[in-house]
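*Asks:* For reference, the chains in residue letters:
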Amino acid sequence: MDKTVHDFIESGILEAYITGAASEQENQEVLYMKQHYPAVQKELKEIESSLELMARHMSIPPPPNLWDRIEDEISGLVKTDKHKPAEQERDYQHYQKQTTKPEPDYIEVEGQSSHMRIHKAWKWVFAAVFVLGKIFLGFAIYFYLENRQAQQNILELKQQLREVRGK
Amino acid sequence: MNLNIDRSPRLSSNDVLVTRALYYRYSSWLLGYLMAVVKDYELAEQYLVDIFKDVPSRLHEFTGSESSPWLCLQVLAKSKLKGYASALRASKAKTNFDSMERLKFDSYVDAMTTEQQIVFCGVYYYQKSTALLAQELNKADDEVKKILKEAFLMIKNG
Chain D
600 MDKTVHDFIE SGILEAYITG AASEQENQEV LYMKQHYPAV QKELKEIESS LELMARHMSI
660 PPPPNLWDRI EDEISGLVKT DKHKPAEQER DYQHYQKQTT KPEPDYIEVE GQSSHMRIHK
720 AWKWVFAAVF VLGKIFLGFA IYFYLENRQA QQNILELKQQ LREVRGK
Chain R
2 MNLNIDRSPR LSSNDVLVTR ALYYRYSSWL LGYLMAVVKD YELAEQYLVD IFKDVPSRLH
62 EFTGSESSPW LCLQVLAKSK LKGYASALRA SKAKTNFDSM ERLKFDSYVD AMTTEQQIVF
122 CGVYYYQKST ALLAQELNKA DDEVKKILKE AFLMIKNG
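Chains D and R, in that order, give the protein sequences.
Residue numbering for the first sequence follows our numbering, starting at 600 and increasing by one per position.
Residue numbering for the second sequence follows our numbering, starting at 2 and increasing by one per position.
There's no promise every hint is true.
With a straight-line cut-off of 30 Å between C-alpha atoms, the simulated DSS-like cross-links for lysine-lysine are [to be verified]: (1) D:LYS644 / R:LYS150; (2) R:LYS140 / R:LYS79; (3) D:LYS644 / R:LYS54; (4) R:LYS79 / D:LYS644; (5) D:LYS641 / R:LYS147; (6) R:LYS83 / D:LYS644; (7) R:LYS40 / D:LYS722; (8) D:LYS644 / R:LYS140; (9) D:LYS602 / R:LYS81; (10) R:LYS150 / D:LYS602; (11) D:LYS633 / R:LYS147; (12) R:LYS140 / R:LYS83; (13) D:LYS641 / R:LYS79; (14) D:LYS644 / R:LYS147; (15) D:LYS602 / R:LYS140; (16) R:LYS79 / D:LYS633; (17) R:LYS81 / R:LYS40; (18) R:LYS157 / D:LYS641.
Some, not all, of what chain D presents toward chain R, calculated at C-beta under 10 Å [claimed, not checked]: (19) GLN640; (20) TRP666; (21) GLN758.
Read the hints as simulated data drawn from the structure, not as lab findings.
Predicted, not measured: the structure shown is a model, and the values here were computed from it.
Note that beta-carbon positions come from the ideal geometry of N, C-alpha and C, so glycine has one too.
Assemble the whole structure, with the sequences as input and the hints as a guide.
*Replies:* Printed below as a string of structure tokens:
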């Protein structure tokens, strides 16, 4: 490698450029060297990778509903396109729907890999299914015990009948 | 008379989809960075929302730049944090910069020498120029850049 390029890379000016800590003149110098020397370009990529490595290491997952909040705010700026593909049209309608409602009308259900959005009205259906399930369970237990009692009575009656016939 | 004309740029739904892809790829990285700067989860979250709200209208900066999307997002984050960083710099100047607080955040910085920590954190988190750091540390600008280079080598080598 050219000594000038080597010294340039070793000076730390590239790191200052990437982090925005270099002066305007230094920035221009780096841009010139980047254009003319592939070694400089390669070194810049490596510095970027180091920053990415550090960022990944320090990452903190945002709350799951944060994108919805951002989407709500930016979807008001979305324009329609006559020749839009069907999928994009569907997405657009979804964004429009969200902006016209003052408060979210969905509850979040977290799955294994992604999220499922269902209408809040379903919570009453779930509640009704739960209550009916309990009622049916109660009936089932009651009739089971009744049936067992009846079977026992029949056995006793048969026993008594046999005793009467024996006499 | 206030005509209330909407002057905000109109976006295509494709811009939103690209922004969503960037969000799912980089939001956790960015939140980690923001947390390290502001040290307040709610504030960091608000900065994250503000940054991604601006992304759709600045997508040309991502596509036009040779830099990685992460670097473009960082530039955007730094411009949002500019006021915060300068206030932070002023308060640190009064109380003397304590690099030890950085150790709570990342082991990469932990492995650096105190001088490397001051230079790296000054540049990366507090948006200081190497010239300003040289002045503060009473060193030559070239020397500060060399320290910054060493700090990056520490990160690269883990």
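*Asks:* Which numbered hints are broken by the structure, listed smallest first?
*Replies:* 7, 9, 21
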